[in-house]
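Novice: Residue-level listing of the chains:
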Amino acid sequence: MTTTELPAQARYSWGADEHLVVQIAEDMSLSAFFRAGAISSRLAERAIDGVLDICPANASLLIRFDPEVLAPADLEAAVREIEADVARQERPSISTRIVEIPVWYDDPYTREVGAKFRDRHQRPEGTDLEYGMVELGLSSVDEFIEKHSSTPWMVSMVGFVAGLPFMFQMVDQADYAFELPKYLRPRTETPKLTVGHGGCFACIYSVKGAGGYQMFGVTPLPIFDPSQGHEVFADSMVLFRPGDIVKFRPVDEAEYRELEAAAERGEDVYRIVPVDFELDEFLADPVAYNTNLLGALHD
Amino acid sequence: MTDAAVEVVEPGLATTIQDRGRSGAYNVGIPPSGALDQSSAVLANLLVGNPAGAAVLEAPYMGPKLAFRGRGAVAVTGGRAKVLINGEERDQWESLEVADGDVLSFGFIEAGARLYVAVAGGFDVPEVLGSRSTYTLGALGGFGGRALAKGDVVPIGAATRFVARRIDDADRPVLAREVELRIVLGLYDYRLSESGLSTLLGTPWQLTPVADRTGFRYAGAQLDFVPRTQPFGAGSDPSNIVDAGYPIGSIQVPSGSEPIILHRDAVSGGGYAMVGTVISTDMDIVGQSAPATVTTLTTVTLDEAVQARRDRGARLAALAEGLA
Chain W
1 MTTTELPAQA RYSWGADEHL VVQIAEDMSL SAFFRAGAIS SRLAERAIDG VLDICPANAS
61 LLIRFDPEVL APADLEAAVR EIEADVARQE RPSISTRIVE IPVWYDDPYT REVGAKFRDR
121 HQRPEGTDLE YGMVELGLSS VDEFIEKHSS TPWMVSMVGF VAGLPFMFQM VDQADYAFEL
181 PKYLRPRTET PKLTVGHGGC FACIYSVKGA GGYQMFGVTP LPIFDPSQGH EVFADSMVLF
241 RPGDIVKFRP VDEAEYRELE AAAERGEDVY RIVPVDFELD EFLADPVAYN TNLLGALHD
Chain Z
1001 MTDAAVEVVE PGLATTIQDR GRSGAYNVGI PPSGALDQSS AVLANLLVGN PAGAAVLEAP
1061 YMGPKLAFRG RGAVAVTGGR AKVLINGEER DQWESLEVAD GDVLSFGFIE AGARLYVAVA
1121 GGFDVPEVLG SRSTYTLGAL GGFGGRALAK GDVVPIGAAT RFVARRIDDA DRPVLAREVE
1181 LRIVLGLYDY RLSESGLSTL LGTPWQLTPV ADRTGFRYAG AQLDFVPRTQ PFGAGSDPSN
1241 IVDAGYPIGS IQVPSGSEPI ILHRDAVSGG GYAMVGTVIS TDMDIVGQSA PATVTTLTTV
1301 TLDEAVQARR DRGARLAALA EGLA
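If you're matching them up, the sequences are chains W and Z in order. Each residue of the first sequence is one higher than the last, beginning at 1 in the working numbering. Each residue of the second sequence is one higher than the last, beginning at 1001 in the working numbering.
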């Protein structure tokens, strides 16, 4: 078992007069993510006047503030106090949710866009999915899809564009398989709801737009809806929250089309189950822990 | 709500409704948005008797052509361009009365990059997440979440009393082809080598045509990063970091070339090391930079950045007082 030791203290730095960046660790790990998340929640609970945005990221957090309401030194002191407090906390845990995301892997939309931008790719021949397969040393695309969809992923940051989840594979760090380069130069186009991957992070593109991650498939379920039409968006126009656990489920074209139409009609097609997650128990035996966790999806 | 409105006869290049921006949703990737040149937007509002944070139009490079429905007042600030009402030239930085059917149009922009148009009563679109600003990437806020299009009819709110007003030359922004931006170093600046840092600060940068509400990309020298074994999850290029939140105004240098200054519609995070941040006051200057603007960066301390911000606030407050 490898556990990731976090630096004793985070690195604090100013994004000029409106932002404080707290860098928990240079490396990505669930431990760093949990600490960033815990500091963010405690800071939010304090509801300090002058704090405008609290953005937990993968292994860091960003705070946007108004320095004329809250002096930078006072903000830093408050965050440092919370950081010390969180570090003393013995058992990082969260009440969260598992969200199942159907994926039509190797679909024609991402194939077409992928083919269009081959000149910006490391491997001009083939698809991004085939590139992933080769990079991971696997013998077939199916094996790649199986590996991608069998273990859960934790949403470790929401952002880039509205509602886009960055996801970190929930495995022992020593077994982490999915490290893939991004495109050599970003595309100017990515189909909406593309399931992508760059560095160690999976993502789902919430809207159509530019992107540099490898493209593996598309999901039929919207994850961002500014009109908040579907009931799943009643509380927020964004589906994902940091700490959500995502399980990809491969579907074929027929099921993709059915689900897409059903979501459009406002039917309850999102499979979301509340769960508790204990980091230490997970780190002690990720495989067994995940088996239990994913059981909740089918109870 | 009144019946007053403007009808969009020609939309301009990418005219959007903006105000002071929104807070509280950057954590899900919805950036502040709001006017890129906040001072000009505030001054436009003051000219027509609006609160500083009323919604205005922001028009990059080429102004729209607008027909007024109902009587009212309008003011144009920001970049320099000919302002025409019914084809007759009028002054910028001055409140102008308009009658039902009057048509406001513009000549090409001659200096700066963005025009601001305020109407007495403000543009009356619904607030989304606490702001009327348009965030086009997320298709939310403003007028239907998008730039204005021909035929749109944008409602105008109820105006307060209207008094003719003017902003003196001395109180208008300087629109130059060579600008200096004050930055606070930090964030991941330790990733730059010593020569990389001195190149960043010691050489001029030229704004490329890639300059929009998301970010401004500059051309110039190549910057060296300190070589290292990259941390897990960061990606292989020395300019890569584990994806993190991006401050508005932060400067990233993908692969060491063409620094990008993020602006108010920024992507909220990503995997490029940021080496410093433009102070909030000088983001107005970035917003008025047109492609080819020659830009140098100078460093200030955090305290100096906060002081510059207070000074600007005091200047705007004094102007508001004088116009009241």
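Hints should not be assumed to be uniformly reliable.
Claimed, not checked - In silico DSBU-like cross-links for lysine-lysine, where the CA-CA straight-line distance does not exceed 35 Å:
1. Z:Lys1150 / W:Lys116
2. W:Lys192 / Z:Lys1150
3. W:Lys116 / Z:Lys1082
4. Z:Lys1150 / W:Lys208
5. W:Lys208 / W:Lys192
6. W:Lys208 / W:Lys116
7. W:Lys208 / W:Lys147
8. Z:Lys1065 / Z:Lys1082
9. Z:Lys1150 / Z:Lys1065
10. W:Lys192 / W:Lys147
11. W:Lys192 / Z:Lys1082
In short, the hints are calculated from the structure, not lab data.
Novice: All hints are to be evaluated individually against the structure, with a verdict given for each.
Specialist: Now the hints, each set against the structure:
no. : hint                  : result
1   : Z:Lys1150 / W:Lys116  : 32 Å, holds
2   : W:Lys192 / Z:Lys1150  : 27 Å, holds
3   : W:Lys116 / Z:Lys1082  : 43 Å, violated
4   : Z:Lys1150 / W:Lys208  : 24 Å, holds
5   : W:Lys208 / W:Lys192   : 4 Å, holds
6   : W:Lys208 / W:Lys116   : 15 Å, holds
7   : W:Lys208 / W:Lys147   : 26 Å, holds
8   : Z:Lys1065 / Z:Lys1082 : 12 Å, holds
9   : Z:Lys1150 / Z:Lys1065 : 9 Å, holds
10  : W:Lys192 / W:Lys147   : 23 Å, holds
11  : W:Lys192 / Z:Lys1082  : 41 Å, violated
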